Amino acid sequence: MIETAVHLRVIEETSAYWRVVFDSPPFNIVDAAMIYGLQDLLARMEASPSLRVVVFESAIPEFYLSHFDLTGKTGNITTAVGPSGLPILIDTFVRLTKSPVVSIAKIRGCVRGVSSEFVLACDMRFASRENMRLGHPEVGVGLHPGGGGTERLPPLVGRGRALEIVLGANDFDGDTAARYGYVNRALPDAELDEFVDVLARRIASFDRRAITAAKNLVNQVSLPSADRLLDSLNSFQKALSWPEAQERIQALLERGLQREVDFENRWPAVLGTLLET
Amino acid sequence: MIETAVHLRVIEETSAYWRVVFDSPPFNIVDAAMIYGLQDLLARMEASPSLRVVVFESAIPEFYLSHFDLTGKTGNITTAVGPSGLPILIDTFVRLTKSPVVSIAKIRGCVRGVSSEFVLACDMRFASRENMRLGHPEVGVGLHPGGGGTERLPPLVGRGRALEIVLGANDFDGDTAARYGYVNRALPDAELDEFVDVLARRIASFDRRAITAAKNLVNQVSLPSADRLLDSLNSFQKALSWPEAQERIQALLERGLQREVDFENRWPAVLGTLLET
Amino acid sequence: MIETAVHLRVIEETSAYWRVVFDSPPFNIVDAAMIYGLQDLLARMEASPSLRVVVFESAIPEFYLSHFDLTGKTGNITTAVGPSGLPILIDTFVRLTKSPVVSIAKIRGCVRGVSSEFVLACDMRFASRENMRLGHPEVGVGLHPGGGGTERLPPLVGRGRALEIVLGANDFDGDTAARYGYVNRALPDAELDEFVDVLARRIASFDRRAITAAKNLVNQVSLPSADRLLDSLNSFQKALSWPEAQERIQALLERGLQREVDFENRWPAVLGTLLET
Numbered sequence: 174m175i176e177t178a179v180h181l182r183v184i185e186e187t188s189a190y191w192r193v194v195f196d197s198p199p200f201n202i203v204d205a206a207m208i209y210g211l212q213d214l215l216a217r218m219e220a221s222p223s224l225r226v227v228v229f230e231s232a233i234p235e236f237y238l239s240h241f242d243l244t245g246k247t248g249n250i251t252t253a254v255g256p257s258g259l260p261i262l263i264d265t266f267v268r269l270t271k272s273p274v275v276s277i278a279k280i281r282g283c284v285r286g287v288s289s290e291f292v293l294a295c296d297m298r299f300a301s302r303e304n305m306r307l308g309h310p311e312v313g314v315g316l317h318p319g320g321g322g323t324e325r326l327p328p329l330v331g332r333g334r335a336l337e338i339v340l341g342a343n344d345f346d347g348d349t350a351a352r353y354g355y356v357n358r359a360l361p362d363a364e365l366d367e368f369v370d371v372l373a374r375r376i377a378s379f380d381r382r383a384i385t386a387a388k389n390l391v392n393q394v395s396l397p398s399a400d401r402l403l404d405s406l407n408s409f410q411k412a413l414s415w416p417e418a419q420e421r422i423q424a425l426l427e428r429g430l431q432r433e434v435d436f437e438n439r440w441p442a443v444l445g446t447l448l449e450t
Numbered sequence: 174m175i176e177t178a179v180h181l182r183v184i185e186e187t188s189a190y191w192r193v194v195f196d197s198p199p200f201n202i203v204d205a206a207m208i209y210g211l212q213d214l215l216a217r218m219e220a221s222p223s224l225r226v227v228v229f230e231s232a233i234p235e236f237y238l239s240h241f242d243l244t245g246k247t248g249n250i251t252t253a254v255g256p257s258g259l260p261i262l263i264d265t266f267v268r269l270t271k272s273p274v275v276s277i278a279k280i281r282g283c284v285r286g287v288s289s290e291f292v293l294a295c296d297m298r299f300a301s302r303e304n305m306r307l308g309h310p311e312v313g314v315g316l317h318p319g320g321g322g323t324e325r326l327p328p329l330v331g332r333g334r335a336l337e338i339v340l341g342a343n344d345f346d347g348d349t350a351a352r353y354g355y356v357n358r359a360l361p362d363a364e365l366d367e368f369v370d371v372l373a374r375r376i377a378s379f380d381r382r383a384i385t386a387a388k389n390l391v392n393q394v395s396l397p398s399a400d401r402l403l404d405s406l407n408s409f410q411k412a413l414s415w416p417e418a419q420e421r422i423q424a425l426l427e428r429g430l431q432r433e434v435d436f437e438n439r440w441p442a443v444l445g446t447l448l449e450t
Numbered sequence: 174m175i176e177t178a179v180h181l182r183v184i185e186e187t188s189a190y191w192r193v194v195f196d197s198p199p200f201n202i203v204d205a206a207m208i209y210g211l212q213d214l215l216a217r218m219e220a221s222p223s224l225r226v227v228v229f230e231s232a233i234p235e236f237y238l239s240h241f242d243l244t245g246k247t248g249n250i251t252t253a254v255g256p257s258g259l260p261i262l263i264d265t266f267v268r269l270t271k272s273p274v275v276s277i278a279k280i281r282g283c284v285r286g287v288s289s290e291f292v293l294a295c296d297m298r299f300a301s302r303e304n305m306r307l308g309h310p311e312v313g314v315g316l317h318p319g320g321g322g323t324e325r326l327p328p329l330v331g332r333g334r335a336l337e338i339v340l341g342a343n344d345f346d347g348d349t350a351a352r353y354g355y356v357n358r359a360l361p362d363a364e365l366d367e368f369v370d371v372l373a374r375r376i377a378s379f380d381r382r383a384i385t386a387a388k389n390l391v392n393q394v395s396l397p398s399a400d401r402l403l404d405s406l407n408s409f410q411k412a413l414s415w416p417e418a419q420e421r422i423q424a425l426l427e428r429g430l431q432r433e434v435d436f437e438n439r440w441p442a443v444l445g446t447l448l449e450t
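First to last, the sequence lines map onto chains A, B and C.
Per my numbering: the first sequence = residues 174 to 450.
Per my numbering: the second sequence = residues 174 to 450.
Per my numbering: the third sequence = residues 174 to 450.
Worth flagging that the hints you see were computed from the coordinates, not collected in a lab.
No experiment lies behind these values; they were computed from the predicted model shown.
Accuracy of the hints is not assured; some may be wrong.
Pairs involving identical chains hold if they fit within one copy or between any two copies, as the list cannot separate such chains.
Computed list of lysine to any residue pairs in SDA-like fashion (alpha-carbon distance at most 20 Å, straight line) [to be verified]: (1) Lys-271 <-> Arg-428; (2) Lys-411 <-> Arg-381; (3) Lys-271 <-> Val-193; (4) Lys-411 <-> Asn-389; (5) Lys-271 <-> Arg-401; (6) Lys-411 <-> Thr-385; (7) Lys-411 <-> Arg-382; (8) Lys-271 <-> Ser-408; (9) Lys-411 <-> Leu-215; (10) Lys-271 <-> Arg-381; (11) Lys-271 <-> Asp-370; (12) Lys-246 <-> Arg-352; (13) Lys-271 <-> Ala-216.
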């Protein structure tokens, strides 16, 4: 049995407005338990007809969601299918994008790889100007994004910036991410909570039918196809078995990935010299 | 007979460059007369082979075009079809986007809902930095955009910012709109007239065949499909009959919408608490 | 025989990272020789399995690539087909976008028309804040973009800004181009070389298979279709024979285009009054 309760907590501010707090110390790693926690949350959201808006935040100041688990704790999330008929990892993100409930990522700390793909699947993204490190380091690990990053970034930031994000494999701070359109806005950290809370309560006061119809219309012209998402995930699955990827993953784990706070904070910075002695 | 002459005035700066001035005090409401005024203008534009560029501006400092009339003066514009075979409201916007004549919105004042859809159908948008309030408040009125906003915003500003604009239902000032790509540029109010005039006269000096070919090529990869536009309008029509929408519309009219200047200026700000006693 | 060696020089920093220097004084005009030089380069890139990244820069401070040759030295590049089956001009840009090798445009100086289309075909664009003049002046010459500009700009900068760039036919400086998303970033001139070098060496250290897979996935959702590119080129070919285009081209050549440094630097500025006496 997978314990999901410890991975994310739901705070029901009102029946229309929930806050979901990622709380899986020390790093909020995205492993099978975290994804199954999101699956449980989605089921609960779908059973809550009064709900209008969910804000996703982290209980850990330095880590929003850190990245895909690289120690083998990902279970069957890329192979078993979820309610949409898509593999559970993609199912989670696709159902979030199509939900009648509005999702807002309130981002502080590190958000890399599959975690970037989570915030890209949220309806809106607001970042702390002083405290965010957002990016897609997969190519620097010998892999590539597999959970929608290569599909969702180009229409959001344009091909050139999408390729810089994906091929450069480095972190983006709040101001740069906002300038690129990767997040909606970067706000001073001291203003972020109030800004998002005011927006969430405002949306929570609106009629669910109007919200749903509007979001559906926007989705019709802005979501990637399931085929494209599946191609990426299948290619990612193969990449995990590439020897060059395994060599880089081992090097990162030896250097302290998923173990040491300092390395977990800054690891994309060393990807350009990872295999040098 | 609908009086259109009083709704917009055409100033022929030259045979190649017209200014069209919205002048329907006190608010430049978008009602049937305003849309039929635009239909007449389009016919006149199509009969003017020397014309290259039209600049759309307002005679009323605080209101560019305010919003869709909510008092019943919208006639048959969402049901009767125009020359393109599409309902007149959509026909107006589609013909503007496909016209060989270049359209420039020079924006001062309030521009909400269908009025945002008008400027989104213009080829370019330049805003006063100090004096613009642009947005899509429909969802806060229990409705949703029906004249192309949900189709034109995502490719312009990305899905995340499109959803913030549409679901947040609030005003955007010039700098934020420019940062989001919602308008081309926000300029200091004192520089706006000259900037647009210089650009319009420059384009007016170019050859019509070159302008037409270039705009057609851009249109091929940037216009929404008629099917998507029709889906939105049909859904909007249904939404108008939703009781929750009618309740919100009544509340707004009672609070002063389309009557009081001060309320007309700031009404999206109250949408989050509209139905509270 | 076309001399290509003099048009661009390849500096192999490492087997994984090349710099390509445009060096065809005085203006780096894009003529048949320059395009055949790029064709030779592409063949050499395709035969270099260790190569990861190519940075394109200019040896001439004021001119990156200036623009399409208007004196008849364009040979068969718009009619003869290249290895992809597309006309050589388009073949060059399409193969660059689809190459497993990452292309970075490091831009100083003037970059207009087909040269803008070259940098739009590169994977990323970084500009000197103080020293760049980038744009599409074709419409002001009685023509229109024919090498992909009208297809690549709208998904990058949105329809409104694409139309401002294409129909306004003027230069954009680094900061404006970055604000529009036309280039990834504008950097202070003194920092540009190091920024791009660090990024290129970083990417050069990554595995080729990961780079290729990631770029392919991004390409699936971000490249224009061959049909659209061909439509533009065919339309451009016809436009070259329009009398109004020929009149403007003659006027520009008489005023000093492709002859005088000062005029070559600033010619888009005069397009609005080109045919006035």
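Could you place Lys-271 and Ala-216 in one of the four classes (within, between, both, neither) given a Cα distance threshold of 20 Å? within (13 Å within a copy, 41 Å between copies)
Intra- versus inter-copy proximity for Arg-381 and Lys-271 (alpha-carbon distance at most 20 Å): Cα proximity of Lys-271 and Arg-381: one copy only (14 Å, versus 35 Å across).
When no copy is specified for Lys-411 and Leu-215, does a C-alpha distance of 20 Å or less occur within a copy, between copies, both, or neither? For Lys-411 and Leu-215, the Cα distance exceeds 20 Å both inside one copy (28 Å) and across copies (29 Å).
Could you figure out if Lys-411 and Thr-385 sit no more than 20 Å apart (CA to CA) within one copy, between two copies, both or neither? between (37 Å within a copy, 14 Å between copies)
Quick one: Lys-271 to Arg-401, C-alpha cut-off 20 Å, is that within a copy, between copies, both, or neither? both (16 Å within a copy, 17 Å between copies)
Alpha-carbon proximity between Lys-411 and Asn-389, which holds within one copy, between copies, both or neither at 20 Å: Between copies only: 15 Å across chains, 33 Å inside a chain, cut-off 20 Å.
Under a CA distance limit of 20 Å, which applies to Lys-246 and Arg-352: within one copy, between copies, both, or neither? Neither way: Lys-246 and Arg-352 sit 35 Å apart in one copy and 41 Å across, limit 20 Å.
Could you place Lys-271 and Ser-408 in one of the four classes (within, between, both, neither) given a Cα distance threshold of 20 Å? between (24 Å within a copy, 18 Å between copies)
At 20 Å max between alpha carbons, let me know whether Lys-411 reaches Arg-381 within a copy, between copies, both or neither. between (41 Å within a copy, 15 Å between copies)
Cα distance capped at 20 Å. Does Lys-271 pair with Asp-370 within a copy, between copies, both, or neither? Cα proximity of Lys-271 and Asp-370: none, with 22 Å in one copy and 42 Å across.
Classify it for me, Lys-411 with Arg-382: is the Cα-Cα distance of at most 20 Å met within a copy, between copies, both or neither? The answer is between: 11 Å across copies meets 20 Å, while 42 Å in one copy does not.
Between copies, within a copy, both or neither: which fits Lys-271 and Val-193 at Cα up to 20 Å? within (18 Å within a copy, 41 Å between copies)
Consistency with the previously given hints fails for numbers 1, 9, 11 and 12, ordered from lowest to highest.
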